[in-house]
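Chemist: Turn these sequences into a full structure, and let the hints steer you where they fit.
Chains A and B, in that order, give the protein sequences.
Take the first sequence: its position 73, counting from 1, is numbered 73 in my numbering, and each next residue is one higher.
Take the second sequence: its position 662, counting from 1, is numbered 1214 in my numbering, and each next residue is one higher.
These aren't lab readings, by the way, just hints derived from the structure by calculation.
Note that this is a predicted model, so its numbers are computed, not measured.
Be a bit skeptical, because a hint or two may be false.
[Claimed, not checked] Negatives, chain A to chain B, calculated, CB over 10 Å:
| # | residue |
| --- | --- |
| 1 | W23 |
| 2 | E26 |
| 3 | L52 |
| 4 | A57 |
| 5 | I61 |
| 6 | N65 |
| 7 | S67 |
| 8 | D111 |
| 9 | K145 |
| 10 | T153 |
| 11 | L183 |
| 12 | E185 |
| 13 | W188 |
| 14 | G294 |
| 15 | Y390 |
| 16 | G416 |
[To be verified] Calculated lysine-lysine pairs in the BS3-like style (CA-CA distance at most 25 Å, straight line):
| # | chain 1 | residue 1 | chain 2 | residue 2 |
| --- | --- | --- | --- | --- |
| 17 | B | K997 | B | K1103 |
| 18 | A | K498 | B | K807 |
| 19 | A | K516 | B | K1103 |
[Said to hold, decoys possible] Covered stretches of chain B, as calculated for chain A (at least 3 residues, CB under 8 Å):
| # | segment |
| --- | --- |
| 20 | 832 to 838 |
| 21 | 853 to 867 |
| 22 | 877 to 888 |
| 23 | 1129 to 1141 |
| 24 | 1308 to 1317 |
Where is the CB? At the ideal position from N, CA and C, for every residue including glycine.
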Amino acid sequence: MFPNGKITPSTLSIKDLSWQVHWDKERCTLCGRCTAVCPVHAIELGVHRKRLIQMPALGEIGQSNGSSSVNQVYYGVRQKTDPAYACVGCASCTLVCPNDCIIPYKTDEADKLRFHINRGGQPRRRGGRRNVRDPDPGGILDRIKFIRISMLTDPALDAGRHEFELRTLLGRILPPEENLKMLKEHGWIPPVREIYPLIIGAMSFGALSPNMWEGLQMGVAYLNEQLGMPVRMCTGEGGCPPRLLRSRFLKYVILQIASGYFGWDEIIHALPEMKEDPCAIEIKYGQGAKPGDGGLLMWYKVNKLIAAIRGVPSGVNLPSPPTHQTKYSIEESVAKMIQSMYMAWGFRVPVYPKISGTSTAQSVLNNLARNPYAGGLAIDGEDGGTGAAYAVSMDHMGHPIASNLRDCYLTLVKVGKQNELPLFAGGGVGKYGNLASNAAALIMLGASGVQVGKYMMQAAAGCVGSESDRCNICNIGLCPKGITSQDARLYRRLDPEKVAERVVDVFLSFDTELKKIVAPLGRSTSLPIGMSDALAINDSSAAERLSIRYVV
Amino acid sequence: MDSQHYYRISGMENGLRLESRVIEERIQKAVDSGNRYLEVEAFGHHGLGGRLWKAGEETVSVRILGSPGQRVGSMGFPNTRIEVMGPTSDDVGWLNAGAEIIVHGNAGNGAANAMAQGKVYVGGNIGARGMTMTKRNPRFEPPELWVLGSVGDYFAEFMAGGIAVVCGYRPQDPGNVLGYRPCVGMVGGRIYFRGPHEGYSQIDAKLTPISNEDWEWLVSNLKTCLDAIKHSHLFGQLADRAQWQLLEARLPHEKGSKPRISVKDFHQNVWDRELGRGGLIGDLVDFDRSPISVITSGHLRRFVPVWENREYVPPCEASCPTGIPVHERWRLIREGRIDEAVDLALAYTPFPASICGYLCPNLCMQGCTRQTVNILPVDVTQLGKASIKAKTPELPPLTGKRIAVIGGGPAGISVAWQLRHRGHEAVLYDMREALGGKISALIPKSRIPDEIVGAELGRVREALPHVYLQQKLTQDDLEQIKADYDFVVIAVGAQKPRVLPIPGKDKMIPALEFLRQSKLDQVKVGKKVVIIGAGNVGCDAATEAHRLGAKEITLVDIQEPLSFGKEREAAEAIGASFRWPCFSKAVTKKGLELTTGEVIHADTIIISVGDMPDLDFLIESIATDRGFIKVNEHFQTTDPKVFAIGDAVQLGLLTDAIGAGRKAAQTISDILEGKRPRGDTRKMLDYTRVKVEYFDPRLTKFDGVEECASQCSSCGSCRDCGICITMCPQAAISKKENGKDFELVVDPERCIGCGFCGGVCPCGIWNLVENDPLE
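Modeler: If you want it as structure tokens, here you go:
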């Protein structure tokens, strides 16, 4: 593969790569689709010399027919070994191959590529999710079981037959006596939204392609308007298309404000023309996938459209710093941000902060509990996804969501505010495909609702990314499914309508599954938030840590 | 039958209520004893009237007075007829397997639940979950539930068969005879009903027209029912076909989700209507966002192939300091134009035979792409030697511009040659009678036959005037020359030998002087010769010393000798020994004394540690740097009218000097024509673009220039082999003739950007580049 047999420290063989492309010469029709589709140019057509040695039977060797060496060439698809063109395992080649003759396989041992993806001193960056395998199959959430089955002890409900009101509240809920007092005195009662407990978490317009974003929003609108499911979606930090701001669909939207404040002047300009209030405002302080780190939308992704929505000129780098620039203390920064955001909509819209999972989450929570305006707290655990981050942040920074959420909930219980300040959990919900059971586990551990991002990308748009470091190239804008790309040549592969259909499918099936979990527990009219007596795990340490039952 | 004929069983005995178990025992016993008419006074007893199989085929009539408990007639048999004289409790007819049950009042929840055969007639309303989980066994007639009034909530849940008839007479809720959420999970059976309803599970059931046959069945059975519940007088009122509706379970293939509008409709009629044409961002973009396939052509291709013919310098040409387009000459040979191939060289060098054929280390071959994979590089020396026949092209008429060239060596001749071929008059000034510098004066005859050099110098002399300087050039001379000419090029070479400042240094013979004299056979050497400095000049000196009779020749160096190529090979061939590191201390009568004290015996000591230009004639406007003339990238000195090339600028190979001459001439010519001096901005073709797999790696020698030409990869220049046209899976490439030349063009509407053209191209012409960005 390399000229003259000279090697450099970063000269790798196919064996050293993490993904190895297997190609079958017999079945290949040399149609060119695989090399045309490969997002990273990991494969190319190669010329191969094939030497044939011919030897007549020994007895037949004469002067005119001796042995001979004949060179021929054949053509075939081959994999590049330059780390810059390493296969990412997305298998787009397999997808387009008419003869099923090409497929990438994960190496059978620790790859050597990982030691060479820091060229120019630049450590690896990627999109996707944490790539550290949990020691046990599935995450902790998958191992939680629902053990309290009400057959005769409580009304035995039937998920198919009974009517369910699986709704949750977003916003600060006053204790009844205070609520009545405020009602009597015409005081201010914080706005509270009754919403569906599965929320599409923050994914910005920019991190996602226009077609993906529109598909998600369309699906959400459909769920609300056709199926009566009050599903909400958070914009992420990338502004909100002006048309959406001025439409009735805005009420299905949670607007996010983060450290870059992108698109917020456009949102402010739209205020006088809004037909509806947004569902809520999420103040982003942290992200589970890359806690304490900011983001940077590279200039080449800031095309005319992104620029218009974010309210910036096109072709410039857009940094979102790790922190808000005018943040000095929890008290000061949270209080002023919450106040400002409430004021924008005349104190009619709930405002809550989102933080990344952290051992300091309870400090934030304590602060919020004292702030009568805080409308909730969203916590994003280490398994959250991202469009771009340093691999080290993604793999090694952050706090798992289960215990973080649990600690916060139990703290609220201790101060008697568990029904007042809703907690929202995200980060790896449905990571291994078990969306409803993960969500139910978190709800019973104390979450009022869960936020999902990656799951939606996988289920609604066919994202092929995985914890085994498959694809995960959201950061370079080459998403083979068009989910995270700003290149129309890629994102037009994605039909917003089809995405919307899948969003609807996902929510309907989730709804059934959630019912299948809560009905046997005897719940139908209220979400079993914090109903941890229904939970158990076959790991005594985990049980102890989460204050749930240990079962074997 | 009169009541006195009934066998009476009371649920009360001695003022105490009997357990259901006792009543059941008494009923079974009574039947077993032949009683066929039973009257039971009930006090909430469970399951009355069921399981009376002991009567065999004979009909058993059970009349229930008082208050029956749950599950009247449960597991009832076809021989049983139960008549409840008042209302009844929950689950009447539960798991009924054939009994006819008449209730002269309301029935509680769960009426007919799980009923499989038989009939239940209720002369009032029923509670929740009536007719639930009923089924029909094909071996029997379907079960029937008749309700005179209305049914409670969750009616017909999971109903899997049977017929329910709800007459809607004096219903509990006049607005809804079917209750709340009927038919959820219903998979079989039918429900006739009369009166208003507030919806049913549309996933599971559907309204269906009542056929004549259905109506006949309903009317005849309605009569039976009304007779049974003693409301025959209502027949006329109820038997009005227009008032009846029929619900039927959907068949499995008719089930599906709740009917709702498609997302496509929603997109068009709800989404786009609210947001405007183009949806979410229709106001911000005006381009098409409709779905496309994964494999695209035209402007939707991510990558496009570009035919980069001759856009890159092939490695041979890039490696050649003279810049001869070697591959182009091989092409001409492949095309049978060997004369043109030979003549082409003279456009680049006046010495194609001497240098390419004999004296050059042939950097083009070292750089040859084939060499990078250890395949024999194309042998340019064969072509070089053939170039002796090259004919001087016709010289253009003179422009009137005159350039003086100081120095008649390879550099000077090269620049003058090039200038003359651009129409400018170039006059060579040289201290020697014969032109040629090192080539003619110093290089041993063993390296190149005299007649070759002679022939090529002959070509030069025909084209260029020569001023034979009789004495050393002075500063005044140079000023004068500068005044007389448009430009001056200094190409005096490096003639001043470096010496070592050690005792006895005068006894050393400078190598160049030795070589010059040896070429004229004017020098003698002893048996033992030591040469200080084992570079290529030292090697030449060693070879010459051997020719002149030396027997023991030692080359010493302070480091591993840098000599290479033919010079080194020749020196080794004559048995010269190389020693390093050796530091000279003194030259004595015995020979060379080293700093170690060792003495290498020598009769003759030659010093060959490099030479410096002799630049005493330079005028002040021309700057030097450590003994060499300072020039910019165009070989222009600090005096813009004066250029300098060759060893006077930097020691180098003959080809370096000739290349410098060519480049300097180009610059001077550009300036004279009023143009900005142009260099070659093309980059060298990346080796990896060339496909060497097409060649036989076992080739060990070339049989003539034709074979050489056939084995050239033609890096960066299309060989017109057509493999890209053949390979293209889309048949998108075609050849377009352009007069003498041709071009390969891609049909963008066919091309999918797979890059196969680049993958197969032996010459590395095709490049796959990112398509222009879409906004």
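Chemist: With reference to the structure, classify each hint as holding or not holding.
Modeler: For each hint, the structure was consulted:
no., hint, result
1, W23, "13 Å, holds"
2, E26, "17 Å, holds"
3, L52, "12 Å, holds"
4, A57, "24 Å, holds"
5, I61, "20 Å, holds"
6, N65, "19 Å, holds"
7, S67, "13 Å, holds"
8, D111, "23 Å, holds"
9, K145, "28 Å, holds"
10, T153, "21 Å, holds"
11, L183, "32 Å, holds"
12, E185, "39 Å, holds"
13, W188, "32 Å, holds"
14, G294, "26 Å, holds"
15, Y390, "26 Å, holds"
16, G416, "38 Å, holds"
17, B:K997 x B:K1103, "19 Å, holds"
18, A:K498 x B:K807, "22 Å, holds"
19, A:K516 x B:K1103, "104 Å, violated"
20, 832 to 838, "holds (count 6)"
21, 853 to 867, "holds (count 3)"
22, 877 to 888, "violated (count 0)"
23, 1129 to 1141, "violated (count 0)"
24, 1308 to 1317, "holds (count 5)"
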